[in-house]
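In the working numbering, the protein residues as written are -11 to 79.
Bear in mind the hints are in silico, worked out from the structure with no lab data behind them. Warning: the hint list may mix true and false statements.
As the list claims (entries may be wrong) - So the derived label-pair ranges between C-beta atoms look like this:
1) D43 x G6: 13 to 23 Å
2) S(-10) x D50: 12 to 22 Å
3) L34 x E66: 15 to 25 Å
4) R64 x S(-10): 28 to 38 Å
5) R71 x H30: 26 to 36 Å
6) Q(-9) x G65: 36 to 46 Å
7) P62 x S(-10): 30 to 40 Å
8) S(-10) x E72: 28 to 38 Å
9) D(-6) x G65: 34 to 44 Å
10) M63 x Q(-9): 27 to 37 Å
11) Q(-9) x D69: 31 to 41 Å
Note that the structure is predicted; figures quoted are calculated from it, not measured. From the three backbone atoms N, C-alpha and C, an ideal C-beta is built for every residue, glycine too.
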Amino acid sequence: MSQRVDRIVERIRAIPEGFVRTYGDIDPRAPRLVGLVLSESHDPDLPWQRVVRADGSLAKGDEQRRLLLREGVPMRGERVDLREARFPPEL
DNA sequence: CGGATGACGCAGT
DNA sequence: TACTGCGCCATCC
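Take the sequences, apply the hints, and build the full model.
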């Protein structure tokens, strides 16, 4: 796989429990690729539920919502409260 | 070598 | 807030 994909996987792995990051935080130039990687990966150690859209909405609906609530991620309705739960993007 | 396609982002309306 | 259009990058055809 490309090193770009490796970087994406690394960054997803690095998201701590109770926090989330957006597709754009993980790869600003290719957010859609982030989604593709997640959809293809079957790795149980990849915390896929911690990757959300830029507005806090969830790509995987209810299941994702349950998992996030279970690890204490603050929600506002159907979306994650990013002001509280966003893990800082690297500069 | 185009063209379409995704767990998307952003600006404009 | 919702919807639209266009940009983005690796892949697949």
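Results for each hint:
no. : hint                     : result
1   : D43 x G6: 13 to 23 Å     : holds (20 Å)
2   : S(-10) x D50: 12 to 22 Å : violated (33 Å)
3   : L34 x E66: 15 to 25 Å    : holds (23 Å)
4   : R64 x S(-10): 28 to 38 Å : holds (36 Å)
5   : R71 x H30: 26 to 36 Å    : holds (32 Å)
6   : Q(-9) x G65: 36 to 46 Å  : holds (38 Å)
7   : P62 x S(-10): 30 to 40 Å : holds (34 Å)
8   : S(-10) x E72: 28 to 38 Å : holds (33 Å)
9   : D(-6) x G65: 34 to 44 Å  : holds (35 Å)
10  : M63 x Q(-9): 27 to 37 Å  : holds (34 Å)
11  : Q(-9) x D69: 31 to 41 Å  : holds (33 Å)
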